[in-house]
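*Asks:* Fit chain H to the supplied structure of chain R, relying on the hints for placement.
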Amino acid sequence: MDLYKKTAHEIKELIENKEVKAKEVADTFIKRIQEKNEDLGVFLYVDEEGAKLKSEEVDKKVGNGEKLKGLSGVPIAIKDNINVSGMQNTCASKILQGYKAPYDASVIKNIKNADGVILGKVNLDEFAMGSTTENSGIQLTRNPWDRTKVPGGSSGGSAASVAAMMSPLAIGTDTGGSVRQPASLCGVVGLKPTYGRVSRYGVVAFGSTLDQVGTFARDVEDCALLTETLAGLDKNDFTTADKNVPDYKKSLTKDIRGKRIGIPKEYFGEGLNTDVRKAVDEAILVFKENGAEIIPCSLPLTDYALAAYYIISSAEASSNLARFDGVRYGYRSKEYTNSLDLYTKSRSEGFGKEVKRRIMLGTYVLSAGYYDAYYKKALKVRTLIKNDFLESFKNFDAILSPTSPTTAFNIGEKVNDILAMYLSDVYTVPVNIAGIPAISVPCGLSGGLPIGLQLMGNYFREDTLFNLAYSYEQSTSWHKITYEEGGRK
Amino acid sequence: MSVTKSDVEYVADLARLSFKEEEKEELIGNLNVILGYVDKLNELDTDSVDITVNPYYVENKFREDVVEKSMPLKEVIDNSPQNIEEYVVVPKIIE
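Protein sequences, first through last, are from chains R and H. Residues 1 to 489, numbered by the numbering used here, are exactly what the first sequence covers, in order. Residues 1001 to 1095, numbered by the numbering used here, are exactly what the second sequence covers, in order.
Excised from the complex, chain H in its bound form:
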């Protein structure tokens, strides 16, 4: 499998990123180098092996649903690049 320009454009769209033409060329090269390296995993037979997601299994924990003080709204809202009162300003989505 080798990464092509259309792969890069497709994945960039999924990742909400855009690239200039020369950046795309560089990414094609980079991704092929890295994927070429990770191909070595295919030397290992893993057909009967289970996956590990969390390295150390921790039993689900439950806690009482206690109401706690939230973070100060102003400090949170002030972090957004554009805001009015207690709202974050974004472009219109519904026409």
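Bound-form chain R, shown alone:
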């Protein structure tokens, strides 16, 4: 069987058992990237040399009889807003052109320490602002299942890299659904961990109270493996929690008897595509058959989460993006008269349209006279939404919903309708507002396009999510269908 079709845990086993060399694995995926990238536009930077060196280092360890760490030479793709020493970190923006990261993000250190092999950097919506990867200032990424569709976003490159088997694993960032939504649209597994579970040091900030680094994989076991590698306290990020990281492998059992799953009616209302609803309804039956208790519930504030999200995320973004001024790194305008002119011209020429729109919105809601009406109001609503979830988790181990109201839509379809675009995140945003973890797993196909279901869990209960998702996966075969068999090409 072709090596590129294998999952991360299968590759890990092959390397550990000396059945295949890590170098051979790295070469296979580099070749696969070279074959597919021109068409799909996934990778922005391929580190052939780095992958070669790292995989040879792993092979040397195997040769010396050393025990390999967690990732054992498995390759991984990195969203291009996470610093990897010596590589570009464009955030898919013109304003960071020419930047070369002088250090590793903490998650990258963890990957390297775990013997992971970094393949390169993948595309995103500029500064992670978007739901389709169409806002990339560099290139268009296509959905491997259907080249005329978007891969979702903002981590569209990460999701597409795993779906197209250009990499068995990938990491991205999730501020309002940017891991789960593209995972759903590309038919792969995607996890947004609890706020504070994974370090953000070295990750370019968008909405600091919302951002989390998330994981992409072909199945739940791989997702758990990668999450365990990244999670934990980091002295360079004081928002990380001093909480033990469980052995997630122990959660990978089919047994979910006695688990209580809430089905919130607000996530099944207007705007939900019929095929998506049908697939999720069928999935619910599988959870029931496997022993979980299915209970209808209500999260009445769901409808308000998106409004609060756009205020909070834009406000935080406007502040975080103030550092891009053409002085210390990145793009500088060619003509300017004084410092103020240098900042204004560099920013206006360097940032793309959507980023400027959000900076404007964020600056507006934080400006004198509007702060209380918008920003403070949104932070109060945030408390209500969080309490809604906390109340629910007294009764439930998890809450189940669709990940996205539709399957992947056409390239260009929503670019001129900002509200329609924002509404595609309606099911994923509440999780970031509350800071809880959530996972998206493939649960069906509609016209050759993947459908995903979302499981939301209580704070730091990624283990419960893995247990439920794994149980579902073991009873179905959606995760095994790749675009090569099921897609429309």
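25 Å max Cα-Cα, derived BS3-like pairs, lysine-lysine:
| # | chain 1 | residue 1 | chain 2 | residue 2 |
| --- | --- | --- | --- | --- |
| 1 | R | K5 | R | K112 |
| 2 | H | K1040 | H | K1005 |
| 3 | R | K345 | R | K334 |
| 4 | R | K480 | R | K6 |
| 5 | R | K94 | H | K1020 |
| 6 | R | K259 | R | K278 |
| 7 | H | K1074 | R | K94 |
| 8 | R | K23 | R | K109 |
| 9 | H | K1061 | R | K243 |
| 10 | H | K1069 | R | K235 |
| 11 | R | K353 | H | K1024 |
| 12 | R | K345 | H | K1092 |
I should point out that these hints are in silico values taken from the structure, not numbers from a laboratory.
*Replies:* Only chain H this time, still in chain R's reference frame:
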């Protein structure tokens, strides 16, 4: 509340951004659409509700002040668009 052209110009100045006339018109439209949508938050009574900034409360952490190796200066300075030796070049600020 409705966003006007002077609001857009005022906020653009605060954000250190400049826009062409047609871009300003488009922004007025966009911002009004988004602010119109977020107005729904006013349906909720939040008078007695506290704000939440960080979704998960983490106690302040302190660490020993240990001297560590800094990033290589050259790699950091090389990232600036204009530099001389170990300095970043910017326009003159003080006349």
